[in-house]
Structure formats: C-alpha cells, structure tokens
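**Student:** We have chain A; now place chains B and C with the ligands onto it with these hints.
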Amino acid sequence: MKVFINNREYTAESNETIIELCDKVGIHIPRFCYHKHLSVVASCRMCLVDIEGVNHAQPACSTPLRENMKVFTHSNKTKIAQKNSMEFLLINHPLDCPICDQGGECELQDVSLEHGDDHSTYMQLKRVVIDKDISPLISTDMTRCIHCSRCVRFGEEISNVKELGLLNRGEDMKIDVVIEGEVTSELSGNMIDLCPVGALNNKPYRYKARTWDLKQHAGISPHDCLGSNIYYHTYNNKILRAVPMENEQINQTWLSDRDRFGYEGIYSKDRAFKPMISQDGKLIECENQILLDRLNHIIINAIKNHGTENIGCLISPQSTSEELYLFQKLFKSLGIANIDHRTNERDFSYQDDYPIMPSLGININEINEFQNIFLIGVNIKSEFPILSIHLNNAVKDKTKIFSINFDMLDEDFPVFYKKIVNNKNILSLLSNDIEEINVQPNEKNLIIIGPTVSQLPNQSDVLSTINKFNESINARIGFLTDFCNNTSAWLLGNLPHRDICGKKSKIIGKNAYEMISEKLSTYILFNLEPEHDFWDSNIVESALKNSKCNIIFTSYITPMIEKYADMVIPISTFAECDGSYINIDGTFQSFSKIVEPKKDISSGWSILNNLLKYNSSDIYDIKTLRSEIKDLIKDIDIRNFKINFKNVKSKNQLEGNTFIVTRRNTYKTDSIVRRAESLNMTMQSKDNNIYISNNIANQFKDNGYIDFENNNIRYKTNEFTVKTNLPDNTIIFSTNNLNGKYTGPKSQNINIKI
Amino acid sequence: MNEDYIISDNSKQLIDDVVKKFPNNQSRSAIIESLLILQHENNGFITKKIMKALAIYLTVHEIDIYEVATFYTMINVHPVGKNTIAVCNNVSCMLRGSDEILSHIEKKLNIKVGQSTKDNCFYLKDEIECLAACNGGPMMQVNHKNYENLTIDKVDKILESIK
Amino acid sequence: MNPKLCTETYNHSHPASIETYLSLGGYDAWKNILQNKMPRSKIIEKIKDSGLRGKGGAGFLTGLKWSFIPLIEGQKYLVCNSDESEPGTCKDRDILRYNPHSIIEGMLIACYAIGASVGYNYLRGEFMDQQWKVFNEALKEAYKFKLIGNNIISSNINIDIYALIGAGAYIVGEETAMLESIEGKRGMPRIKPPFPAIKGLYGKPTIINNTETLASIPKIMLNEDGWYKNLGLNKSEGMKIFCMSGHINKPGNFEIPLGTPFADLLKSAGGISNNRKIKAVIPGGSSVPVVKGEDMMRINMDYESIASAGSMLGSGGVIVMDDSTCMVSVLHRISRFYYAESCGQCTPCREGTGWLYKILSNILSGKASLNDLEQLNRIAFQIEGHCICALGDAAAMPVRSFLKNFWSEFEYYVDKKESMVS
Ligand SMILES: Cc1cc2nc3c(=O)[nH]c(=O)nc-3n(C[C@H](O)[C@H](O)[C@H](O)COP(=O)(O)O)c2cc1C
Ligand code: SF4
Ligand code: FES
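Chains as they are written, first to last, in my numbering: chain A, 205 to 958; chain B, 1187 to 1349; chain C, 295 to 716.
So here's chain A without its partners, still in its complex pose (with noise of 0.2 angstroms):
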C-alpha cells in the first residue's frame, strides 16, 4: 500500500499505523499514551497529526494508514495541534523538573521544550493529588501524573497482575491501589520505565544522581536462567539503577524486578574484601600472591595425602561459563573426580540419562505456539516474571497451561488446569489420574520441568513418569533450572561423570550429596553459600566442621564460612568482572565489566586461571578463552535433545509419613539478590509463613507441637498457617533457612509426631 509521509513516498502494509511507519523508517512523532507492546488508547493526544482532507488533526497511534494518504508531521497544523495538547497536559503539571528525579529523561520536559509554549496563560489553581507509599520498590508523585495510564495497561495487558487503576474521572481522575503498600507484581519496576514522567519513579534511586552524569554499561541478568538484557548506569564506579535493554527474544522491553533491583546485593556489608587464611583457629588477612602459593600447596598437598577422592570440588551455576570451564578443567587436570554444581539435589539417579544440558528445547519466545504446556514444579509468577509476560501472551492465543506443582499456585496468566501434588502422588496422577485432561499427541504439546522437580528426593522417579506420561501426549520436554547458568555447568562438565559436552568420564567421582555427607578431608566451594545452596544445610555444616581444610571462593562471609573456612579467596560478583552465561534457550550471551571491584577482589576466572598456571602450561586471556569455550560448544543444538529417563528409577527411600517443602521463594533465589535491600522489603520477602495441610491441622491439639523426628525439631502448632488447598500431610516453608528456623532438607518425606 502507497501512503506519502511528508510528500515521501513509503509503503505501508495493511492495518498499519501512522505511528508504526513513522518509528520504522525514524521520522519522530511525540506520544505519552502509546507503547508498542501495549493495547492503543489514543487518549494523551500528544501525536496528533495533519492528513490531508481530514478537517482535524488525527491522532498518529491509531489512525491506520489508507492507500494513498498523506500524512504531514511536521506541518504548521501539526505542530499547531501538538502545542495544543501540550499546553493542557501542562496546564496541571507542577513545574518542579529541578527536583524531579525524571528531569532529563522527562518525556514531558523533552516534547515541551519542542512543542510546547514558553509561558502558560492558564492561571487556576493546579491540581493536587495526595501520595501514597504504594511499594519499597516504586516512589509516587501522582501531582505529576498526565494520566497515559501505560502503568495501568501494563498491569491489566502484560504483567496480568492488575494492581493500580484509575479512579475517579475527568479533571480528578488519579492513578491509585486498593491498599497502600500493596503493589507487588514481580514485573512491578516496568511501570517505572513506562511512566513517561516523574509519577513513578525507582525509589532505591531517589536523588541518588542526575541522569545526564550517569554511564551506561549493558550486561545480563544473573538471576534466573531466561538471561534477561540489562543497562546498568553508574555513577562514579556505583551501580545505582538497572533498565532494560531490549531484545525481542528474551525480555522485550521488560525488566523483572529481581533483575532491576537485585544489584543492590553486591553492596552488601558482609561482602569478602580481603584474602583471608586461618591461624589458630581465626581468620587472618594476607596478600593474594602468598595465598595464590599457598592454596596451591594446599590442594598439592591434600592430593598426596589423602588421595583425590578425598577431596570434593563445588560450584555454583551462578558462575559464569568462564569460571566453570576453569573450575572443572583446573581440577580435572589434576586427578579430581569429584566435581559437581547440583548442591540443591539429593537424587542423582537419573544422571546418566541427563541430556547434554537442561534446556527449554524451544526459544523463549517461540512459547506461545504451542497449544498446551505442562508446567511441573514451577511457579512462573514468581520464579520467572519474564516468562509469565509470554506464558500471558500464550493464554490470550489460546494456549492452555496445565500447572502441577508442589506449591500453592499463584500465576498471574489464566490456568486452565491445576493440581497441587506431593512428591508420592505426582506419580499416580501422572500415571493414571491424569486422563480428565484432554490432550492429543497430534497438537503442539510442552511439558516444562521446573527447579523444584530437581530438589525431590525421588526426582528421578518423577522424570521417569513425566517421561512416561508424555508418550501419550508426544510433547517437547524442556526444564528451568534453579541458577543463571546451570546450561554451562552441565555443557562445561561441571559434573562427577561428565566432561565437556556431555562426554563420559574415565572416572566417575561423587556427586554433590555424596561428597558432603560422605566426610571429605577437603572441600573446595566456588560461590556458594553453606547455608542456603545445599540441599540439607546441616550435613553442609558438619562435613564443614569435620574436614580437614576448606577452601572457600566467595563474594561474601556468611557465618559459616567465617567458622569453617581456612581459606577465604574473594571474587567478583558478576557486576565487576567478564563473563558470559549460556541462557536456557542456548543463547550464549557474554557481558563486560559494569564496575571496579575493590582491590583484593579479583574475578573468579582469572584466579583460577592463576592456579591453572602453576600446573599447566594453559594460560588465557579472556579472549581466548571465551573463544575456547565458544569452539567447544559450537556444535550444540538445543533442539536435537531427546529425553529418555524411562528406566532411572530413585535410590531413596520415602519413610517419612509427610512431605515437607520449602519454596524457592523469589528474592531469596541466590546470592546477590538475597542482598539486595530494596527487594528485601517486598511483600514476598516478608512471608515467612509454614504452610501445613488441613489434615494435619485436623490432628492439633490445644497447645500442641509438632515434632520432626528425624531432625530433632520441634515447632508449636501455632507457629502454622493452614492452607486448605494443600494435599494431605503437607508442609511448606515459605522460605529455607532465613528465619533462622528450618535448616533441615529442601524437601524430604519425613515422620512427624503432633
């Protein structure tokens, strides 16, 4: 279709709008109402535009382009009406851009000084609208809000969770909540970006600095395995807020507020600064070089003493791909076995099966063209906000989700079905009872394995029903897994009886649980913390204590690590040093340094580099090494993965007459972000509620306890919250281990006694 814009000649496809050409080929038309992944509402009139034979200015964002108009962007009736609507939208707007923390990147202050008049002639009083404190994540001004309502839109159309609304009408419309202090979407910082002025902004960034001295870095989330793009913007080597950058395939235009906020925790006090040694049973500072030396005797020395499988080597999947192909390939070469990052898992039977890495199987945003997805040990809402926003999109194309999970569910996009399982009758139902749903081998079917499958002491019994249950429905299996980058734990061999890319190894070492309930003379941990990224903290602590020498890489001194550790090396948190993460659709996405990190903190792939060379005559840059690794991996593809667990059968024996659970809750999922202040405020982190069945509630007695056999632990029955919904004899702790109470396994069948 030929339309003219500014007497250009362009072709416009059908259903096109003005505003949609004009972005595509760059010409700029002002908007404060229009989003592009928002519904249209034409209501700001800010883009209105002069189409020849049309009487009035039209707006751009919703008028569709027709064969043969024309449209003038730049004509005097334009700028005409553009000055229009920009004297009303001011004629209300406090002149306060010296103290806006929006000024200078004000869309208002921006189209104003193009469009608008240099003095207003309006002299009524102005309106005022009265704040309220609605989130620790988001400040008001709503006497500057010009009522676009993006931030409403954003709740009803892509978040789905519809928390702010507009009230009242007319010249007294406002935009507000229900009850205060009680926005609490996890894609709730979006609304920050979408507010086109200083209603809304990023209350941890208040007058912390003016936009114009900030830098921009990009980098990539670190905290789920979706690999969200990021801005960091710093000021004077700080972080002091993150945004989006966009890209289509993953995030959008979107930011979940884990990864907008979660920076926050590399300015955490309890951060490891300084290389410590212990003496005399206290850990004392020392100089990198004399610790390099000395760690390196260490290790010499325990090999040769104890053996190699008497020493257990742990990483993180929050490290990058860099530190965990150095981690594996610096311990491989010298004999060790015993490597692994699966430190949340108990069930390991299933291991040969695995395929080459977890992944999606899919691109992310491929997710809506399927018809039905399984999701199984997962709560997209509040696990991956990212994906809820496609999952939502799914559901309005038709996709019915069918969700089983071992938590309460509390997705923000539409279930079609849901059931709420413990770990025994997941198996009958995926087995048998699950026949009501009416699902054909012939549609586009996917079941998605989430994070909590991976902490079942029988998950490898559960893999093997899923396995079987999808010979009846001949959908793709993809998995979310627990960290950022578990994708290059398993690719990179990270693993007891894998090398790099899935090769078998010659010896097949001790997996995760088994090196540290097994006693070991020597541990090594890279980026973990003892008490919150074990499967059962307590057998952490006591392998901790009864071992000869710990050697611990670490961005921050938790209790036990200053307790336990003889050897403390401080690394980089993602935000201070290179990297790259393979994300789980398999994009391998690599970022660079966002700030300097204090002197004796170095990044966790150049000190294991350092070690590498004191036995091998590898050394790299981190050019070459990302272009070794790159090489490696390059003829992976994540869709040829098949799925066969049909014969793993679970080790483990579940005695226990109840199923206990703790739930991954969102701001406690890793190191960083369980620092981070401001989302530490949010209504998720206060829940530390234990969440029991009506059944076992049934059974208490006035004054009651409960009373976990095999831990020791004993709870007064009114320390419970009844969840009606659970099955029975179910337990489920909101969080693991924060409140200083449950440290026991991550989800056990256990016996207790009311």
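Note that these hints are calculated values from the structure, not bench results.
Some hints could be false.
What the hints assert, rightly or not - Here are the computed lysine-lysine pairs in the DSBU-like style, where the Cα-Cα straight-line distance is at most 30 angstroms:
hint: 1; chain 1: C; residue 1: 438; chain 2: B; residue 2: 1198
hint: 2; chain 1: C; residue 1: 523; chain 2: C; residue 2: 342
hint: 3; chain 1: B; residue 1: 1331; chain 2: C; residue 2: 711
hint: 4; chain 1: C; residue 1: 652; chain 2: A; residue 2: 336
hint: 5; chain 1: B; residue 1: 1234; chain 2: B; residue 2: 1268
hint: 6; chain 1: B; residue 1: 1268; chain 2: C; residue 2: 427
hint: 7; chain 1: C; residue 1: 493; chain 2: B; residue 2: 1207
hint: 8; chain 1: B; residue 1: 1238; chain 2: A; residue 2: 407
hint: 9; chain 1: C; residue 1: 523; chain 2: A; residue 2: 604
hint: 10; chain 1: A; residue 1: 228; chain 2: A; residue 2: 478
hint: 11; chain 1: B; residue 1: 1207; chain 2: C; residue 2: 523
hint: 12; chain 1: A; residue 1: 648; chain 2: A; residue 2: 628
hint: 13; chain 1: C; residue 1: 486; chain 2: A; residue 2: 378
hint: 14; chain 1: C; residue 1: 486; chain 2: A; residue 2: 281
hint: 15; chain 1: C; residue 1: 571; chain 2: A; residue 2: 228
hint: 16; chain 1: A; residue 1: 287; chain 2: C; residue 2: 652
hint: 17; chain 1: B; residue 1: 1340; chain 2: C; residue 2: 331
hint: 18; chain 1: C; residue 1: 652; chain 2: A; residue 2: 283
hint: 19; chain 1: B; residue 1: 1198; chain 2: C; residue 2: 440
hint: 20; chain 1: B; residue 1: 1238; chain 2: C; residue 2: 479
hint: 21; chain 1: C; residue 1: 571; chain 2: B; residue 2: 1207
hint: 22; chain 1: A; residue 1: 600; chain 2: B; residue 2: 1340
hint: 23; chain 1: A; residue 1: 604; chain 2: C; residue 2: 493
hint: 24; chain 1: B; residue 1: 1340; chain 2: C; residue 2: 523
hint: 25; chain 1: A; residue 1: 890; chain 2: B; residue 2: 1235
hint: 26; chain 1: A; residue 1: 508; chain 2: A; residue 2: 473
hint: 27; chain 1: B; residue 1: 1234; chain 2: A; residue 2: 407
hint: 28; chain 1: A; residue 1: 240; chain 2: A; residue 2: 623
hint: 29; chain 1: B; residue 1: 1349; chain 2: A; residue 2: 623
hint: 30; chain 1: C; residue 1: 493; chain 2: B; residue 2: 1294
hint: 31; chain 1: A; residue 1: 622; chain 2: C; residue 2: 479
hint: 32; chain 1: A; residue 1: 834; chain 2: A; residue 2: 817
hint: 33; chain 1: B; residue 1: 1298; chain 2: B; residue 2: 1268
hint: 34; chain 1: A; residue 1: 419; chain 2: A; residue 2: 407
hint: 35; chain 1: C; residue 1: 427; chain 2: B; residue 2: 1349
hint: 36; chain 1: B; residue 1: 1235; chain 2: A; residue 2: 378
**Tutor:** Chains B and C with the ligands in isolation, oriented as in the chain A frame:
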C-alpha cells in the same frame, strides 16, 4: 475489626441473577449492578471490605471494582446519610427555579451539597447530571423516587414525610 | 391529528401493560415477521427506505447502520441506549414507563434483523425507581406471552432481552462507553475504528440504538412502505419526539412530524411563560449550539433547517429561554456539567473542560478580564475535534455559540461584574 465482609445470602442470590444476564466468564459485567445491590444492603455506601468480598465472589481484580465504584456517581465509597436527596439543577431545571429549591433545602437541613445531616438522616447529593425530567422541573429525587414541579411548600412536605 | 409511534399508549389507563399494547396492534409486526419468515435483508431494506434516523443525537440512518453488521454467523448483540442523560432530554424515560413494549418489540425486530440472539437495554441508574421496574415487568409479561425467549412462536428463533442498569455517568450514553460499562468497566469511550458493528460488546458485532429509535420500529414495520417517510413535513422524513422545557407554559414531550415549524411546536407547548419574550433556544440538548430566539422562530424542526441556523437537532431536547435569562449563568451551568462528566481519558477534554468551567466561574464571581473571553474561545477551539468521543465537542460548542450570539452580555458581565439582565 479486621473481619472480612460477608455478602448476605439474599444479595448473593440477586448477584447470581445479574451474572446470568451475561455470557459465561463475563462476571465482570455484573460489577455495577452488584455494587448497587450491596450498597443498598449497607446503608447506601460501599466499603473496601465490600469491594474485596465482591471481587472474590465475582473472581475479578479488586482494583476493577474500585475503579468502577469511583467512576459512577451513584455509588458512594464514603459513608452517607440514610436518605439521599438529589436536586436536579441542570439547565432546564435551573431555568425553572431549581437553585432556590436547592438553597432552601440546604438551609432547612443545615448542610451544603455533598454533605449529610448530623443525625445521618439525609444526604444531599451534589447532583450534576440532568435527571431526565426536564419537563417536570424543578425536580428532585429522594431515594431515587422522582418529585417534580417542586415548590418550596412541596419540598417541605416531602422532607417532613420522610423524617 | 398526527399518528403516534412511541407515544401511542400514553393516554391509556394502564399504558405499560401488555394488554394495552396488544389491543393497539402491538407485537403484530413481530408476529408477522416470524410467521412469514421475513428475510433479514428485507427488514433492513425497509428501515433504510423509511428514512428513520437515529434519535440518540447523531441522526445516523438506522437501516444503514444495521447493514454494517457482517453477514457471517456468530454471536452478535443489540444494545438499546436508554441512558438518556443529555440535559434537556426526557423522552426515553416516558417511553420506558408508558410504552415499554414498543421498545421490546423494536428490540426483537432489530435483533432478528441483525442476527443477534441477545439484546440488552441499558437504563441509566437514576431510572431505578420507576422505569427500571416498569421495563422489567414488561419483559416478564413478554416472556409470559412467549413473544421472546426460546423458539418464539414456534419459529426456531431464540432471542433474549435483558435490562441492565447504570450507576450515574452521562458519558455512558456514548455508545462505545456504554459497551465498556456493560463489560463492567469504567465508562470510557473506545477509539473508532473498529466500529461496534464490527467489534462491539465482548468483541462481537454490535448495534447500538437509542430507545426512541427502537420504539419507532414496530409501527414502521407494520405499515406499508413509504408510510413513515411521508409523515414528515416540508421535505423532511418521519417523526421525532421533542422535549420542551424551560420558560414555557406546558413543558412536555411532543411527538411531531419532522419539519414542523418551531413556532407551531412552541404554541403546542403553551408558548413562553409569564408573557415574556423568547430570547434563545437550545434546540437539541445542552451540547448543541444555542440559537437566538428570533432565528429560531423562523425555522422548522428538522435536521437541515436547524443546521442552517448554526445548530443541531441532536437528541430533541429543546430548552427555551426567555428574556430574563442570564446567558453567562446558563453557560456556566452547562460547562459545569461537561466538566464533571468528562470521563477523563483525553487530555483536551479532561484538562480543557475544567479550564473552561473555572474561567466561567471567575466571570460570575467578578474576577475575569476581557482576555478571558478570548481565552474561552481559544480553549473551546483547541478541544473541538481533538477527542475520542463527542463530549469534548459537546463542551466546546456551547461555549463558542454562547460567546458568538451573546458576546455583549459576556462583555457586560466581565466589565460590570454583574448580569446584564438582572
Ligand atoms: C457524550 C455523548 C453522550 C450521549 N448520550 C446519549 C444518550 O444518553 N442516549 C442516546 O440514545 N444516545 C446518546 N449518545 C449517542 C450515542 O453515542 C449513539 O450515537 C446513539 O445511541 C445511537 O443510537 P441512534 O442511532 O438510534 O441514535 C451520546 C453520545 C455522546 C457523544
Ligand atoms: S472526549 Fe472526554 S469524555 Fe470523550 S472519551 Fe475523551 S475524555 Fe472521555
Ligand atoms: S500517543 Fe497517540 S494519543 Fe497518545
């Protein structure tokens, strides 16, 4: 104090009938009439607890209800007097003397428009809409019942009869 | 004696009862259509040919509007607009309470013609006490007589009609705002395109018609082709109810042929009260431009004639003002209304209506300057044509026409800080 609002069985029945007027899965459509029903049950106004209870009953977002409740002027989100008086003072009625009627009522009840009497007997609504009785002006509605061709005498009698 | 369409039952003792309606030939048109299995297209053609124009304000040809409904199968809806809130308009309320069955029959025929199985009649909330009850009662009767519901008169046709109630919002009278309101949302008008006939209620093709429009349908269908058209006078087609209010002796609703001279209509309404002189008339509800009394006396009550006087027939709400009227106060009152009723989404309407009202308030309280009068004109001009719905225009047109026709009176007020007439 913190107990949830419980919708009476009678109101539930009425709301169910409203929901039936609409296609499946369109219970949101029932919000407006349901609010009128619940407001009637609750002395003429809606509280946040009522909105919450209704949101759960209709499975809609709480804010959806709050939005609607504050958009439509016949739904009060603040407590008001038992009997609502709305004097139409739009053009047609104004031309026929509604302003005198209104100020008479204000004086008589000792309140301004938008206020309720101290004994909570009357609420004098700030009626801006035309009440579609232009050929009977001046007119007012007391508890939605029309009284037309008003004179000051007539108004006095009507208000007496309600007290 | 003029024939009566919507007002036929008004003088009967039980005007709203189905017996009264049936005794006057009510539902014959509907039964005819069903018994003869009249093709939909034929109904639409007939309505189109009758020249029936929408009575809600815009005067759009009803038959033409119906013909926009896509022919494909699937759910469609009819909505009857009984939100009647345009100041000066009070016709639908009488049809609702005195002749509800004409609306029901009209809705049934319209549903049939456009292929809708569900019709909603949306009544404004203020009709709760009387019209709402009467209309619901009438619906029950119609169901009892099996004129509505499933398999009506063994025709295999299923049509259900429900009454809905609003809760106080003028803007909901705008057709797309009404759809939003039926969906349980704030009554904020939608952008067009898409038009409701393509994507309306719940995203389905929907026709919205005014109460009077639909109540006129049965008689049109019952009579021979050309009947309705020829009822009009002076080259006009059809009938219209005019609501006479203001400074007149016999305010009321008058169903008269379009094209009737205004002078005759005024006479029927008893003439100007207190023997005063006519000063001005708002001929179609408060949103249309005001016309000077002397100009009004020269024209006929039809679309073209009123347009030639610079105004619009609108909803038929005729507000008559005598020479004691202060035009500044009247305009102030009108602005207050549109200011309070703006839904708030469009910037010019949200911000501009308040600005207009505040300036007019300043004039009344003696705090304005002549500059402000220019300002009023300018703001009105800036609002006009720049909003999603016509409320913005409705707020602007009175301002511009009052200023144009009565400038000296405004000037006087600003200058002397008091009204020219009192
Ligand atoms: C602000 C505004 C208010 C309106 N109010 C009413 C109303 O109260 N009643 C009505 O029938 N039409 C009203 N309309 C007109 C409707 O939008 C619509 O045109 C009409 O219902 C169509 O019916 P008709 O074709 O039978 O006239 C209003 C329009 C606007 C812009
Ligand atoms: S013109 Fe006014 S009432 Fe109409 S949609 Fe816009 S803001 Fe709402
Ligand atoms: S961007 Fe087009 S009207 Fe707001």
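**Student:** Evaluate each hint against the coordinates.
**Tutor:** Status of each hint after checking the structure:
1. For the suggested pair residue 438/C and residue 1198/B, the alpha carbons sit about 26 angstroms apart, so the restraint of at most 30 angstroms is met.
2. For the proposed pair residue 523/C and residue 342/C, the alpha carbon gap of about 10 angstroms is at most 30 angstroms, so the pair holds.
3. As the CA atoms of residue 1331/B and residue 711/C are separated by approximately 39 angstroms, the hinted pair breaks the 30 angstroms bound.
4. A distance of roughly 28 angstroms separates the Cα atoms of residue 652/C and residue 336/A; the hinted pair therefore holds under the 30 angstroms criterion.
5. A distance of roughly 19 angstroms separates the Cα atoms of residue 1234/B and residue 1268/B; the hinted pair therefore holds under the 30 angstroms criterion.
6. Taken as a hint, the residue 1268/B and residue 427/C pair is honoured in the structure, with Cα atoms around 22 angstroms apart against an allowance of 30 angstroms.
7. Restraint check: the Cα-Cα separation between residue 493/C and residue 1207/B comes to about 20 angstroms, which is no more than 30 angstroms; the hinted pair holds.
8. At most 30 angstroms may separate the alpha-carbon atoms for a hinted pair to count; residue 1238/B and residue 407/A meet this at roughly 28 angstroms.
9. Annotation: proposed proximity of residue 523/C to residue 604/A is violated, straight-line Cα distance about 54 angstroms (limit 30 angstroms).
10. Pair hint residue 228/A plus residue 478/A does not hold up; C-alpha atoms about 52 angstroms apart against a cutoff of 30 angstroms.
11. Between residue 1207/B and residue 523/C the alpha-carbon distance is near 36 angstroms, which puts this suggested pair outside the 30 angstroms criterion.
12. Simply put, residue 648/A and residue 628/A have alpha-carbon atoms about 28 angstroms apart, close enough for the 30 angstroms limit, and the pair holds.
13. Annotation: proposed proximity of residue 486/C to residue 378/A holds, straight-line Cα distance about 25 angstroms (limit 30 angstroms).
14. At most 30 angstroms may separate the alpha-carbon atoms for a hinted pair to count; residue 486/C and residue 281/A meet this at roughly 22 angstroms.
15. Simply put, residue 571/C and residue 228/A have alpha-carbon atoms about 63 angstroms apart, too far for the 30 angstroms limit, and the pair is violated.
16. For a cut-off of 30 angstroms, the pair hint linking residue 287/A to residue 652/C stands: about 21 angstroms separates their Cα positions.
17. Among the hinted pairs, residue 1340/B with residue 331/C is inconsistent with the structure: their alpha-carbon atoms are about 55 angstroms apart, more than 30 angstroms.
18. Distance hint between residue 652/C and residue 283/A is fulfilled; the C-alpha atoms sit about 27 angstroms from each other, no more than 30 angstroms.
19. Between residue 1198/B and residue 440/C the alpha-carbon distance is near 29 angstroms, which keeps this suggested pair within the 30 angstroms criterion.
20. Only pairs whose Cα atoms come within 30 angstroms are accepted, and residue 1238/B paired with residue 479/C is accepted, the gap being roughly 16 angstroms.
21. A hinted pair counts as satisfied when its Cα atoms are at most 30 angstroms apart, and residue 571/C with residue 1207/B does not qualify at roughly 51 angstroms.
22. Taking the CA atoms of residue 600/A and residue 1340/B, the gap is about 58 angstroms. The hint is violated against a cut of 30 angstroms.
23. For the suggested pair residue 604/A and residue 493/C, the alpha carbons sit about 25 angstroms apart, so the restraint of at most 30 angstroms is met.
24. Taking the CA atoms of residue 1340/B and residue 523/C, the gap is near 45 angstroms; set against the 30 angstroms cutoff, the hint is violated.
25. Straight-line distance between C-alpha atoms of residue 890/A and residue 1235/B comes to about 23 angstroms, which keeps the hinted pair within the 30 angstroms bound.
26. Restraint check for residue 508/A and residue 473/A: the C-alpha separation of about 38 angstroms exceeds 30 angstroms, so the hint is violated.
27. As the CA atoms of residue 1234/B and residue 407/A are separated by approximately 27 angstroms, the hinted pair is consistent with the 30 angstroms bound.
28. Proposed proximity of residue 240/A and residue 623/A is contradicted: the alpha carbons are some 36 angstroms apart, above 30 angstroms.
29. The straight-line distance between the Cα atoms of residue 1349/B and residue 623/A is roughly 57 angstroms, outside the 30 angstroms bound, and the hint therefore fails.
30. Taken as a hint, the residue 493/C and residue 1294/B pair is broken in the structure, with Cα atoms around 52 angstroms apart against an allowance of 30 angstroms.
31. For the given pair, residue 622/A sits about 29 angstroms from residue 479/C by alpha-carbon distance, which is consistent with the 30 angstroms threshold.
32. Of the supplied pair hints, the one linking residue 834/A and residue 817/A holds, its CA atoms being roughly 21 angstroms apart against a limit of 30 angstroms.
33. As the CA atoms of residue 1298/B and residue 1268/B are separated by approximately 16 angstroms, the hinted pair is consistent with the 30 angstroms bound.
34. Between residue 419/A and residue 407/A the alpha-carbon distance is near 19 angstroms, which keeps this suggested pair within the 30 angstroms criterion.
35. With a CA separation close to 25 angstroms, the supplied pair residue 427/C and residue 1349/B stays within the 30 angstroms bound.
36. Distance hint between residue 1235/B and residue 378/A is fulfilled; the C-alpha atoms sit about 21 angstroms from each other, no more than 30 angstroms.
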